[in-house]
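Engineer: Each chain is listed here by its residues.
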Amino acid sequence: KQEVTQIPAALSVPEGENLVLNCSFTDSAIYNLQWFRQDPGKGLTSLLLIQSSQREQTSGRLNASLDKSSGRSTLYIAASQPGDSATYLCAANTGANSKLTFGKGITLSVRP
Amino acid sequence: DGGITQSPKYLFRKEGQNVTLSCEQNLNHDAMYWYRQDPGQGLRLIYYSQIVNDFQKGDIAEGYSVSREKKESFPLTVTSAQKNPTAFYLCASTYGGYGYTFGSGTRLTVV
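Residue numbers (this note's numbering), protein chains in the order written: chain A, 1 to 112; chain B, 1 to 111.
It should be emphasised that the hints constitute simulated quantities derived from the structure, not laboratory data. Don't take each hint at face value.
What the hints assert, rightly or not - Calculated from the model, a selection of chain B residues having no Cβ within reach of chain A, i.e. all distances over 10 angstroms: (1) Thr20; (2) Ser67; (3) Pro75.
Said to hold, decoys possible - The calculated lysine-lysine pairs, modelled on DSS-like cross-linking and capped at a C-alpha distance of 30 angstroms, are: (4) B:Lys71 x B:Lys9; (5) A:Lys1 x A:Lys68; (6) B:Lys57 x B:Lys14; (7) B:Lys57 x B:Lys83; (8) A:Lys42 x B:Lys83; (9) B:Lys71 x B:Lys57; (10) B:Lys14 x B:Lys83; (11) A:Lys104 x B:Lys57; (12) B:Lys70 x B:Lys57; (13) B:Lys83 x B:Lys9; (14) B:Lys9 x B:Lys57; (15) A:Lys1 x B:Lys14; (16) B:Lys14 x A:Lys42; (17) A:Lys68 x A:Lys104; (18) B:Lys57 x A:Lys68; (19) B:Lys83 x A:Lys1; (20) B:Lys57 x A:Lys42; (21) B:Lys70 x B:Lys14; (22) B:Lys70 x A:Lys68; (23) B:Lys57 x A:Lys1; (24) B:Lys14 x A:Lys68; (25) A:Lys42 x B:Lys9; (26) A:Lys68 x B:Lys71; (27) B:Lys70 x A:Lys42.
No experiment lies behind these values; they were computed from the predicted model shown. Even for Gly, the Cβ is constructed at its ideal location relative to N, Cα and C.
Just need the whole structure built from these sequences, with the hints factored in.
Structural biologist: Laid out in structure tokens, this is it:
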């Protein structure tokens, strides 16, 4: 059974700092891995999707990497801003139209 | 714009009452999912459907029921058998597992 872990549960950084959010998974036979952002009381917004054959994906100040052999993915946020404050969740997908397994998320606070 | 619409945004349930949460998508996605989110618990899968007229139980299906009569719609009924239904409910869909799209959620509260 796939298990996804995100540590720490919360993180507070000053504005402008580059930061890395970690995600680990137990079953390396994943189809893809997706990073989401969730603002309080809102749904999930997709940030980046990495297919199993890819090593990384980039969108603006965000870069996500995937290392299946070690069971890890990282989300890199460059030059953090207060507007980046949210909960970030990673989710592993084991197959086409299969179910996602989520980590519990990392709540990020970027201080002005 | 294509997306997933969940309604209502807020829902209140009395003890012993069944309530139905709506989820509609216009993305032409085959698979649809219902997740429940509780503080500190993360997202847990309730039910999912990969094709019309077929669905499977997730990790916490007890006290819930679903139907999938149309490709676009996947309503979730929270029955009186669900003893702790207060939570945030999220609907999602995907085509071939290439990225999942989520709705904006329904917050259900027992009164």
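Engineer: Against the earlier hints, flag every one the structure doesn't satisfy and list their numbers going up.
Structural biologist: 15, 22, 24 and 26
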